[in-house]
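K.L.:
Residues per chain, in single letters:
Number of protein chains: 4
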Amino acid sequence: MNRNLQDINRKNWPQWRERMHEIIFEADTPEGKAFDVALLWAIFISVLAVVLESVAFLDREYGTWLRWIEWGFTAVFTVEYVARVLSVRKPLRYMTSFYGIVDLLSIIPTYVSLFVMGSQTLLVIRVIRLLRVFRIFKLARYLGEAKVLVTALKASRHKITVFLGFVVSITVIIGTLMYLIEGRDNGFTSIPKSIYWAIVTLTTVGYGDISPQTPLGQFLASCVMVLGYGVLAVPTGIVSVEIAHAQKNAMINAACPGCGKEGHEHDASFCKYCGTKL
Amino acid sequence: MNRNLQDINRKNWPQWRERMHEIIFEADTPEGKAFDVALLWAIFISVLAVVLESVAFLDREYGTWLRWIEWGFTAVFTVEYVARVLSVRKPLRYMTSFYGIVDLLSIIPTYVSLFVMGSQTLLVIRVIRLLRVFRIFKLARYLGEAKVLVTALKASRHKITVFLGFVVSITVIIGTLMYLIEGRDNGFTSIPKSIYWAIVTLTTVGYGDISPQTPLGQFLASCVMVLGYGVLAVPTGIVSVEIAHAQKNAMINAACPGCGKEGHEHDASFCKYCGTKL
Amino acid sequence: MNRNLQDINRKNWPQWRERMHEIIFEADTPEGKAFDVALLWAIFISVLAVVLESVAFLDREYGTWLRWIEWGFTAVFTVEYVARVLSVRKPLRYMTSFYGIVDLLSIIPTYVSLFVMGSQTLLVIRVIRLLRVFRIFKLARYLGEAKVLVTALKASRHKITVFLGFVVSITVIIGTLMYLIEGRDNGFTSIPKSIYWAIVTLTTVGYGDISPQTPLGQFLASCVMVLGYGVLAVPTGIVSVEIAHAQKNAMINAACPGCGKEGHEHDASFCKYCGTKL
Amino acid sequence: MNRNLQDINRKNWPQWRERMHEIIFEADTPEGKAFDVALLWAIFISVLAVVLESVAFLDREYGTWLRWIEWGFTAVFTVEYVARVLSVRKPLRYMTSFYGIVDLLSIIPTYVSLFVMGSQTLLVIRVIRLLRVFRIFKLARYLGEAKVLVTALKASRHKITVFLGFVVSITVIIGTLMYLIEGRDNGFTSIPKSIYWAIVTLTTVGYGDISPQTPLGQFLASCVMVLGYGVLAVPTGIVSVEIAHAQKNAMINAACPGCGKEGHEHDASFCKYCGTKL
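Quick mapping for you: the protein sequence lines, in order, are chains A, B, C and D.
Okay, so the first sequence: first residue is 1 according to the UniProt record's numbering, each after it adds one.
Okay, so the second sequence: first residue is 1 according to the UniProt record's numbering, each after it adds one.
Okay, so the third sequence: first residue is 1 according to the UniProt record's numbering, each after it adds one.
Okay, so the fourth sequence: first residue is 1 according to the UniProt record's numbering, each after it adds one.
Watch out, some of these pointers could steer you wrong.
Any copy will do: because identical chains look the same in the list, a pair fits if it lies in one copy or spans two.
Taking lysine-lysine pairs in the BS3-like style, the calculated list, with each CA pair at most 30 Å apart, reads [to be verified]:
{"id": "1", "residue 1": "193", "residue 2": "90"}
{"id": "2", "residue 1": "248", "residue 2": "193"}
{"id": "3", "residue 1": "248", "residue 2": "154"}
{"id": "4", "residue 1": "147", "residue 2": "90"}
{"id": "5", "residue 1": "193", "residue 2": "147"}
{"id": "6", "residue 1": "90", "residue 2": "33"}
{"id": "7", "residue 1": "248", "residue 2": "90"}
{"id": "8", "residue 1": "248", "residue 2": "147"}
{"id": "9", "residue 1": "33", "residue 2": "147"}
Don't read these hints as lab results, they were simulated from the structure.
Full structure from sequences and hints, please.
P.N.:
Structure, rendered in structure tokens:
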């Protein structure tokens, strides 16, 4: 019965659309894989063209060529976008999905650049489309690893939020103190700028575009650095613990490819029921 | 009997005071929640006003407005402070508590600014009042996470103290050596300034406002960086271990919301006695 | 039978070649050890000579001496390379191995410097040959530790790849945004340069040769730093977890020197079967 | 018999020397503790005097006073050193011990300053004497924590050595490459200076006194930073794992203060045999 229903659905849907969907959205057939590889290269080259166009002397020399490449790829991606919309059964659902929006944003800036100069720089958003690389090469292993990382970061989000709230509060207070101590003559021209300095210092980036000049300011800055170092060990600790946890669970929940049973030890290399390599 | 005693106590305490306490100090009733949300916004806007006032061109343009906002919020917070004192049974206990002192410090600077110019900048201490955000939104989850972090940092405090003592000693010695090697002409004008440089380097902040110029100084600085990196891995290691520990204990000591039993495994997602989700 | 075969093989191979192999490739005999120690010192001194030659005033004063040292060691290393090729049974296999290529690359630049000025600087590749230090001093313990580190890094490689892909994507997008916000006048002269800035910032190096000047740019940079800090805790977390894992396995798989049995607890100090110190 | 022997030994040793030993070397009696506290303050103030003397304007104003303080404390420490030598049974053993040498080095520079100007700056070595603080306040808890850290660092020493060897090799190669790419005009004036730059970059200190100017140099620097970040996660990982290990063992090997039994779980808060708080 279920199969019949699928058959009926398929009848209403023309053959060429289904074939197109197979090529564009899947990577199981040789054509589907070829399409995806070609697409990835197109994305990579088009992003590179945008990046290179921003270099003054390259723009002078090869500007015309780079703009031709840009328009060429935009045309290709526009055709691809239309094909994607045509080949799915629920176009609106695709168009409002994350990838649908990114696909659209990847072609709009070129057209807008006809009216607003320089907007084509936004085309680098195409770099997000490269995430499709994971699907093409069937990098199940990489997907698994990415999943462990995402799980760990998700599990850490409450702690990280508490931590960020603390960091923001402390930078506001330290920034204000430094504004009062150092004053406008030493580069701390306003509280927002002092907060910027506090963040640059607490995260140990330390540009040095603004740095304390008075002895008291340097003393306070030293305290911020030493104490801040201990505080900034916190996110690393949080993430370490969560990665250890996520990895352990990933193995326990993984099914054996041989017998399908779950619940293996987190450091097992072989299935304990049938001996298959995990 | 106990209940009667409470009734008697309540009789001596006027109805309106009790109601005020409920609104101001608790967030269970709709009015209490509305009060807290309004208060948070007021705190946020008043801090923003102080911060923006420090920006020279904003002060020129909107200075009068910003000062009006400041006085307005100070008036509101003064009324709130008086209301808080009136609505508690032991006013002195509130006034000497952490929040009581912060509440008072949040209004004083505006009044002081009538006599001492610029003191209103200290109003950013109001940012601490934002910590109340945790109570309002009933963020029990966030409170739990914060508790794990605080427990971990508390458990690390002895090790961190030993570590800080070591870091301070080493920076004094390195700072003195660099003062002798580099001398006053290369920016190392005094030992305190050299110690400041040593801290900037050891914490990997590296402003670059002072940096070694002589070959010997650069060699010593390189040793400090490479060896220092190994040493600075220590606080991260300490905090990681303690977070793992605190998290494990938090789960073991947590009572099941279903049956109230404790002692769950640290990676359990469901109560092992009644199956309720933890 | 097997022994006879070895004897026959040995007969075809002259005595002096076998002796040479023993001295050059092994460190069990006193001569072999003496050869390796002498070689290490030669490598160290020759690298030092190349490094010192690059210092302008040392080159002026002792340039002739340094070049003599360079040619002397190159002659020694050339003789050594020929001896190595002669003393192995399968010369091609040695010449195409990692060490074989490094050994060759360690002598070529001096000869090339006859035609291309300055190419002798590439001789510092000899520093890689110092890795042989592990074999000489029979630092089995260090080799074991290095193995744990390599195992941990290998196990992390998928996660690190995912992470690096993410970091590269994010720096391209942030770099482009900063190029648009700050513009060419504030040092962000092109997108590649902005990407360079983004990497310098995300890794908390923070040279300060380029730094945001506009308020919006400084705000975005602050977000990058604070959020970036959380993200950069990830590789540390990954590596920590894998080191813990690799170390545990190393102990479990280690055989007891007394009875040869495996499977000891990861924190055992003595064999649980015969009591020998592990 | 044993007791008699001690008595005989005591007879040969005058009463006042034993009493002096008790005061100077131990902190159990009130006099011993008072002596140690006074000593610590003396050390702290004398170090502070040396540090302050290096500040130009303080030296102009209070130079005479500071030099008087210096000579005063040197006299006190000289008397103390002689007293220490007199009060121990084996003076040579004390004089060649770590503390004995530090105690001597803490007084010599003042006398040398009569002949060599400025040598008194070396007096900051006195800061090492502050380590005695752990004995005075009977900070057994801190000593235990310090022991865990030292154990962890000792256990990490082989891995850290391997890691440092790797870092030094890589900085030599990267430094040479950057010297070839950037050249002397962009600040990379010699290979040692380029190695200094490589260390500043790899450790994420990033002074910015030398930074790559050519596109190729900036590309290589970016690779160094991104890959280097992954590599530098290693010491943190090593130390984290070892701290976790050392802490677990410290608890297992700790004897219960109530019943003296060992082998408690690493997260136990009470003795499992007699219930005493650990």
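K.L.:
So which hints don't hold here, by number, going up?
P.N.:
As far as the earlier hints go, 1, 2, 5, 7 are violated by this structure, in ascending order.
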